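Chain by chain, the residues run as shown.
Number of protein chains: 2
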Amino acid sequence: MAGTKAAPPVSPLAPASGFPALPPVAGVRFAAAEAGVRYKGRLDVMLAEIAPGASIAGVFTKSATRSGPVLACEEKLAALHRGGPGDGGFAILVNSGNANAFTGNAGRVAVDATVAAVAGALGVPEGHVFTASTGVIGEPLPADRIVAAIGGLRDTLSVDAAERAARAIMTTDTFPKGAVVTVDLGGVPVTIMGFAKGSGMIAPDMATMLVYLFSDAAIAPGLLQAIVSRQSDRSFNAITVDGDTSTSDTLVMAATGQAAMPRIEAPDDPRAAAFEVALGDVMLDLAHQVVKDGEGATKFVEVRVTGAVSDAEARKVGFAIANSPLVKTAFAGEDPNWGRIVMAVGKSGAEADRDRLSIRFGDILVAEKGWVAPSYREADGAAYMKQADLVVGVDLGIGDGEATVWTCDLTHRYIEINADYRS
Amino acid sequence: MAGTKAAPPVSPLAPASGFPALPPVAGVRFAAAEAGVRYKGRLDVMLAEIAPGASIAGVFTKSATRSGPVLACEEKLAALHRGGPGDGGFAILVNSGNANAFTGNAGRVAVDATVAAVAGALGVPEGHVFTASTGVIGEPLPADRIVAAIGGLRDTLSVDAAERAARAIMTTDTFPKGAVVTVDLGGVPVTIMGFAKGSGMIAPDMATMLVYLFSDAAIAPGLLQAIVSRQSDRSFNAITVDGDTSTSDTLVMAATGQAAMPRIEAPDDPRAAAFEVALGDVMLDLAHQVVKDGEGATKFVEVRVTGAVSDAEARKVGFAIANSPLVKTAFAGEDPNWGRIVMAVGKSGAEADRDRLSIRFGDILVAEKGWVAPSYREADGAAYMKQADLVVGVDLGIGDGEATVWTCDLTHRYIEINADYRS
Numbered sequence: 001m002a003g004t005k006a007a008p009p010v011s012p013l014a015p016a017s018g019f020p021a022l023p024p025v026a027g028v029r030f031a032a033a034e035a036g037v038r039y040k041g042r043l044d045v046m047l048a049e050i051a052p053g054a055s056i057a058g059v060f061t062k063s064a065t066r067s068g069p070v071l072a073c074e075e076k077l078a079a080l081h082r083g084g085p086g087d088g089g090f091a092i093l094v095n096s097g098n099a100n101a102f103t104g105n106a107g108r109v110a111v112d113a114t115v116a117a118v119a120g121a122l123g124v125p126e127g128h129v130f131t132a133s134t135g136v137i138g139e140p141l142p143a144d145r146i147v148a149a150i151g152g153l154r155d156t157l158s159v160d161a162a163e164r165a166a167r168a169i170m171t172t173d174t175f176p177k178g179a180v181v182t183v184d185l186g187g188v189p190v191t192i193m194g195f196a197k198g199s200g201m202i203a204p205d206m207a208t209m210l211v212y213l214f215s216d217a218a219i220a221p222g223l224l225q226a227i228v229s230r231q232s233d234r235s236f237n238a239i240t241v242d243g244d245t246s247t248s249d250t251l252v253m254a255a256t257g258q259a260a261m262p263r264i265e266a267p268d269d270p271r272a273a274a275f276e277v278a279l280g281d282v283m284l285d286l287a288h289q290v291v292k293d294g295e296g297a298t299k300f301v302e303v304r305v306t307g308a309v310s311d312a313e314a315r316k317v318g319f320a321i322a323n324s325p326l327v328k329t330a331f332a333g334e335d336p337n338w339g340r341i342v343m344a345v346g347k348s349g350a351e352a353d354r355d356r357l358s359i360r361f362g363d364i365l366v367a368e369k370g371w372v373a374p375s376y377r378e379a380d381g382a383a384y385m386k387q388a389d390l391v392v393g394v395d396l397g398i399g400d401g402e403a404t405v406w407t408c409d410l411t412h413r414y415i416e417i418n419a420d421y422r423s
Numbered sequence: 001m002a003g004t005k006a007a008p009p010v011s012p013l014a015p016a017s018g019f020p021a022l023p024p025v026a027g028v029r030f031a032a033a034e035a036g037v038r039y040k041g042r043l044d045v046m047l048a049e050i051a052p053g054a055s056i057a058g059v060f061t062k063s064a065t066r067s068g069p070v071l072a073c074e075e076k077l078a079a080l081h082r083g084g085p086g087d088g089g090f091a092i093l094v095n096s097g098n099a100n101a102f103t104g105n106a107g108r109v110a111v112d113a114t115v116a117a118v119a120g121a122l123g124v125p126e127g128h129v130f131t132a133s134t135g136v137i138g139e140p141l142p143a144d145r146i147v148a149a150i151g152g153l154r155d156t157l158s159v160d161a162a163e164r165a166a167r168a169i170m171t172t173d174t175f176p177k178g179a180v181v182t183v184d185l186g187g188v189p190v191t192i193m194g195f196a197k198g199s200g201m202i203a204p205d206m207a208t209m210l211v212y213l214f215s216d217a218a219i220a221p222g223l224l225q226a227i228v229s230r231q232s233d234r235s236f237n238a239i240t241v242d243g244d245t246s247t248s249d250t251l252v253m254a255a256t257g258q259a260a261m262p263r264i265e266a267p268d269d270p271r272a273a274a275f276e277v278a279l280g281d282v283m284l285d286l287a288h289q290v291v292k293d294g295e296g297a298t299k300f301v302e303v304r305v306t307g308a309v310s311d312a313e314a315r316k317v318g319f320a321i322a323n324s325p326l327v328k329t330a331f332a333g334e335d336p337n338w339g340r341i342v343m344a345v346g347k348s349g350a351e352a353d354r355d356r357l358s359i360r361f362g363d364i365l366v367a368e369k370g371w372v373a374p375s376y377r378e379a380d381g382a383a384y385m386k387q388a389d390l391v392v393g394v395d396l397g398i399g400d401g402e403a404t405v406w407t408c409d410l411t412h413r414y415i416e417i418n419a420d421y422r423s
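Chains A and B supply the protein sequences, listed in that same order. Under the numbering used here, the first residue of the first sequence is numbered 1, with each subsequent residue one higher. Under the numbering used here, the first residue of the second sequence is numbered 1, with each subsequent residue one higher.
No lab work stands behind these hints: they were computed from the structure. Owing to the predicted nature of the structure, the values given are computational and were not obtained by experimental measurement. This list has only true hints and no planted wrong ones.
Identical copies look the same in the list; a pair holds intra-copy or inter-copy alike.
Computed list of lysine-lysine pairs in BS3-like fashion (alpha-carbon distance at most 25 Å, straight line): (1) K369 <-> K316; (2) K316 <-> K62; (3) K369 <-> K62.
Generate the whole structure from the sequences, applying the supplied hints.
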């Protein structure tokens with residue numbers, strides 16, 4: 001099982017511009033190393049050090065079988081939000097190659113060992129160290145290899161190592177995912193940046209992958225948490241690759257407060273809204289990159305549902321379409337098979353009226369009032385499907401509810417990757 | 001789009017014994033013909049004639065976008081159950097090649113035209129003619145071609161043509177599906193037989209395909225309906241190929257009452273229980289054949305969930321496993337990747353306790369109490385996975401709820417079939 005592995009081909013949907021230049025965020029340093037957790041010759045562990053006084057927020061998988069690291073992060077974050085940050089800095093330690101999930105009590109022992117090592121090396125409280133593990137489920141985490149790497153990680157911490165950190169947390173990802181914006185908050189320029197991993201086992205409910213976000217903004221922890229949770233629902237909880245939900249997935253955001261600005265305390269502070277818009281952009285950018293690296297993806301598909309009786313019903317229809325194997329294989333085959341969209345609407349469980357339903361591919365009206373539109377020509381649909389970026393519009397015509405979700409197609413490559421992942 | 005199509009390779013899971021010899025059922029005759037609905041040179045329409053006095057029961061898709069034929073069948077069955085059978089025989093007309101779904105008002109017009117033609121040809125009331133259509137969604141049904149075939153169908157009705165009828169309703173099926181039992185009801189031998197089609201777009205809630213069942217039993221319609229509904233939940237509503245639900249699917253059962261027995265009127269008649277067991281066997285046999293002809297299937301997988309807080313929760317866990325693309329690709333790869341089973345339990349939404357969960361592959365205990373079992377050897381799991389028939393046992397350890405569902409693996413062939421079905 002150990003040994004090196006040939007790098008897979010990069011997704012055809014990867015950003016043409018490559019990984020963005022992530023600028024330093026005051027109060028945050030990164031390091032990455034090769035710890036040999038599962039494979040040799042690749043970065044597989046990353047450490048982020050965050051200066052004292054930061055506000056921390058998080059979103060975690062709701063899986064009933066979530067991993068030891070997730071359970072520990074939830075406890076620590078809840079304690080922080082109850083008691084305030086207290087003294088000392090923060091740290092995030094992530095390994096790839098092994099998820100430390102379904103490893104029983106040994107899983108928690110491994111978390112505690114790595115947390116203690118990080119806390120000792122950086123001089124931060126153990127309650128301030130957040131870990132995550134991603135990779136194979138059910139095998140014991142070789143915590144000793146990770147612990148052995150921590151001294152070297154500490155010694156190489158740098159404000160410029162975010163890209164290395166982003167690469168270290170990859171599993172079946174074919175490209176590292178980063179995003180950055182700068183936003184003016186009351187005349188002060190503030191940076192928001194982050195990185196993410198994920199390409200399979202991607203679906204809500206939760207932050208469905210590993211996501212780390214950093215900003216020098218000064219913002220109260222409770223307000224930061226509210227904004228992060230809300231924007232997760234619009235981004236990471238609105239994407240799906242295969243409808244499968246990981247046991248490990250984690251989003252952590254640190255706002256260091258080192259920008260020269262008065263701290264944002266109130267939700268109605270106009271700077272809170274500006275911050276939320278900017279953070280939402282970073283999160284959506286990262287979420288889209290995860291879909292574009294969906295295992296085997298060749299199409300990036302936006303599903304816009306309108307006219308439902310509620311937003312929740314629209315979301316139900318959106319995910320019924322976005323998770324349908326028949327819809328996703330039609331996209332893979334560049335087949336404008338709108339009948340499968342009708343099928344997915346029907347099975348969603350949402351209220352729908354066949355005779356008020358309309359369907360569009362991009363700007364092309366395909367079906368309306370329970371049948372194919374008189375203006376629709378199959379050749380137009382087929383030509384549209386050749387694009388890499390597709391927009392499917394579904395209007396249910398019975399209300400004001402709406403939702404947008406994102407998915408990719410289902411190809412041979414997905415089968416190849418997942419019928420041969422473990423051995 | 002028209003023209004002949006090369007026959008696909010038969011599923012490796014097809015019954016070795018081939019299609020069973022379906023004996024005549026007193027009061028039922030069949031015919032099949034080539035009407036050229038979509039493809040030439042294949043049987044694509046079947047007619048069943050049922051003598052007056054039969055009890056009819058049915059189960060239909062709950063899809064919000066269900067087809068015109070389904071809506072018409074629901075109305076007719078409800079009227080029959082309200083008002084009694086009245087005079088006249090019954091008929092079932094089914095075509096493949098075109099689903100007559102999402103075809104607006106024209107869909108209902110096409111239903112009415114074929115119903116009128118059958119009623120006229122056989123001299124039965126229009127309210128006694130049940131139709132179904134299966135195939136591509138959203139294209140107008142060429143009702144004229146079907147109507148043109150009805151005279152020939154009538155003239156060739158035969159008690160021995162059930163296999164031809166079973167073949168005529170196939171779409172992407174690679175083998176026709178039939179089953180038969182004989183049961184002793186109070187000293188009278190009674191036949192129950194039927195056939196089904198379905199291999200993709202298969203999932204509950206409903207009879208997720210086309211299923212026709214016939215018996216010479218004498219049984220009251222309300223009791224027959226109750227038994228059929230209950231056994232559907234244990235068979236056709238307990239299988240999944242891809243989690244996708246058709247707009248068209250239909251189960252119709254006719255009990256002609258021509259066996260020399262007093263009619264079963266009461267649920268507590270011991271003959272009702274014997275009939276239900278026998279009918280349940282036929283239905284489960286057909287349901288399993290549908291899974292074994294699942295598009296691209298190479299493995300037949302039984303998922304047995306026990307120890308849930310309720311049967312409904314057990315079913316939720318069973319379908320989360322049976323529909324998971326990651327679990328199904330692991331089966332395809334013969335990979336004993338029990339971590340993906342853990343993942344699926346976690347995402348199911350059912351109550352679960354990681355540290356009480358146990359997992360078995362056949363008789364092999366794989367995981368217990370939140371971790372891999374001490375006795376488990378990966379080589380044993382890998383050897384087990386090479387079988388074509390797999391049993392996955394999941395015990396949640398927190399209650400008495402249980403459910404069994406059936407599925408198949410997810411292979412390259414599924415992608416091939418579905419990325420290239422329409423054109």
